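Listed here are the chains, written in short residue letters.
Number of protein chains: 2
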Amino acid sequence: MDPQGTVVEIVAIGNELLIGDVLDTNTHWLCRRITGLGGVVQRAVMVRDDVEAIGREVLGAIRRGARVVFTTGGLGPTADDMTLQALAQALQRPLALHPVALDLVRARYRELAEAGYVGHAEMTPERLKMATLPQGATPLPNPVGGAPGVLLEHEGAAIVALPGVPEELKGIVEQSLPPMLKEWFGQAYYQERVMVVACGDESVLAPVVDAVARAHPEVYVKSRAKAYGPEVRLRVTLSARGQTEEQVARALAAALDDLQARLAAAGIAVLDLS
Amino acid sequence: MDPQGTVVEIVAIGNELLIGDVLDTNTHWLCRRITGLGGVVQRAVMVRDDVEAIGREVLGAIRRGARVVFTTGGLGPTADDMTLQALAQALQRPLALHPVALDLVRARYRELAEAGYVGHAEMTPERLKMATLPQGATPLPNPVGGAPGVLLEHEGAAIVALPGVPEELKGIVEQSLPPMLKEWFGQAYYQERVMVVACGDESVLAPVVDAVARAHPEVYVKSRAKAYGPEVRLRVTLSARGQTEEQVARALAAALDDLQARLAAAGIAVLDLS
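Line by line, the protein sequences give chains A and B.
The numbering of the first sequence is the numbering used here, which starts it at 59 and goes up by one.
The numbering of the second sequence is the numbering used here, which starts it at 59 and goes up by one.
Careful, some of the hints might be misleading.
Since copy identity is lost for identical chains, a pair holds within one copy or between any two.
Unchecked claim - Here are the computed lysine to aspartate or glutamate pairs in the DMTMM-like style, where the Cα-Cα straight-line distance is at most 20 Å:
(1) Lys280 to Asp79
(2) Lys240 to Asp315
(3) Lys240 to Glu211
(4) Lys280 to Glu211
(5) Lys228 to Glu241
(6) Lys280 to Asp108
No wet-lab data here; the hints were simulated from the structure.
Just so it is clear, the structure is predicted and the values come from calculations on it, not from any experiment.
Isolated chain A, as found in the complex:
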């Protein structure tokens, strides 16, 4: 499969991920979401709360051709939340209190205080930190929590810094980011079909899958073993992206016909197709 969509990388930040305290579900969610928009996530990395490491990964992503880089985590009020400091240093842009971000954080804490969610609405240093952004940044309203997301541009690429709390991350992507998503991913289409076959042995299915993949280079064909066993089935996923819905549907249908013919010839039954 040749990646045809906008290339994306993800940088997930936080010691809690690498000590195994928290399972990173944000990267998975972003991968699904971006793939569904027709984008191509080429790489995702998890780093510690470390200014140098965060900066190196974001700049590396842009150097490798990413047009959009998402970071997750490290936007909160504590001293080990250092994503904005890392971006400021890597992009050489001074940090300054951003008036729009300040309004967002202030309004959010007023709301949370009125609802009894937090004790008071004062702008403490910890809360001001969340409105202190690298020069040139655009804050992205956070419908759920205190820290706004942050959008930056650098060498033609967009950097989107999102909080690590999953509900906040999803809230910003779904409510504040749609206009940018449309600009970045345009009208690409992505579609997938999943087939379950009556074959518990991937080494037997492999030649069939390989033949279909070779015959249809525009379609990504992959089988997946779950575990061995006479009752175990294998999943085969076919997916494609393209500029029009028809183009994608046509490519998938051709590969699917071919796969079904080859499975029948090999005596492997199809149990489910969705």
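Here the structure of chain A is known, so what remains is to put chain B in place on it, guided by the hints.
Okay, now just chain B, sitting in the frame of chain A:
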């Protein structure tokens, strides 16, 4: 926190991870397991089924100081399983049928065929592929599936290639790797305490956590917000590693005493400590 343990990196391989089809739980499991052994996972990355990208990440990990690099995925029988090919190319070691690996794969398929799990025990090209290893590799018996794990050494670092199926990965780590784990991670100790506090606002807890972290640099202190709300509690995790159990316990106890005193002074109640 200064990392004092053996430095580890993880490279998770597979398009299915980056299109969001599969949530990567292997990295999380390895992070927990390695941290518990006293090791330090400094970075984890997810890459596509791409020979160049896999090789670049493994060599980069060693260059960044990793003493052990785990790869997950890409050991199976299909053409897009290319971890061994990538390692052979990156380390410049020719691939060749490995007699011990061949015995392992042959014995495994004989067993699976006798149990009715696979149709036959013949060594097809797809099955031979799983026994074709880079020069100098040691196969690691897989108690669950067909593909052995693979151990390689390069420039003083160990590379451990594990399958992507979680049960197979865990089976190899728990049953085939213990002697090497002992050699790599030695007698380091890691311990953590988790506290739940009656405070739904991380910006209020932040100065307390920061003060404790500064006063106890040998202990890693982190608070975690789940979401906002009057009923919502925050978790504070304290963890430390060291050469003896007493040293770790003493450091944690001192930080915990300090944290409890500062929480009491700030009027924040401790709801749970484990």
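Hints, one by one, checked against the model:
1. Lys280 to Asp79: For Lys280 and Asp79, only the inter-copy Cα distance (11 Å) is at most 20 Å; the intra-copy one is 31 Å.
2. Lys240 to Asp315: neither (33 Å within a copy, 52 Å between copies)
3. Lys240 to Glu211: within (16 Å within a copy, 47 Å between copies)
4. Lys280 to Glu211: For Lys280 and Glu211, neither the intra-copy (35 Å) nor the inter-copy (31 Å) Cα distance is at most 20 Å.
5. Lys228 to Glu241: within (19 Å within a copy, 43 Å between copies)
6. Lys280 to Asp108: between (36 Å within a copy, 14 Å between copies)
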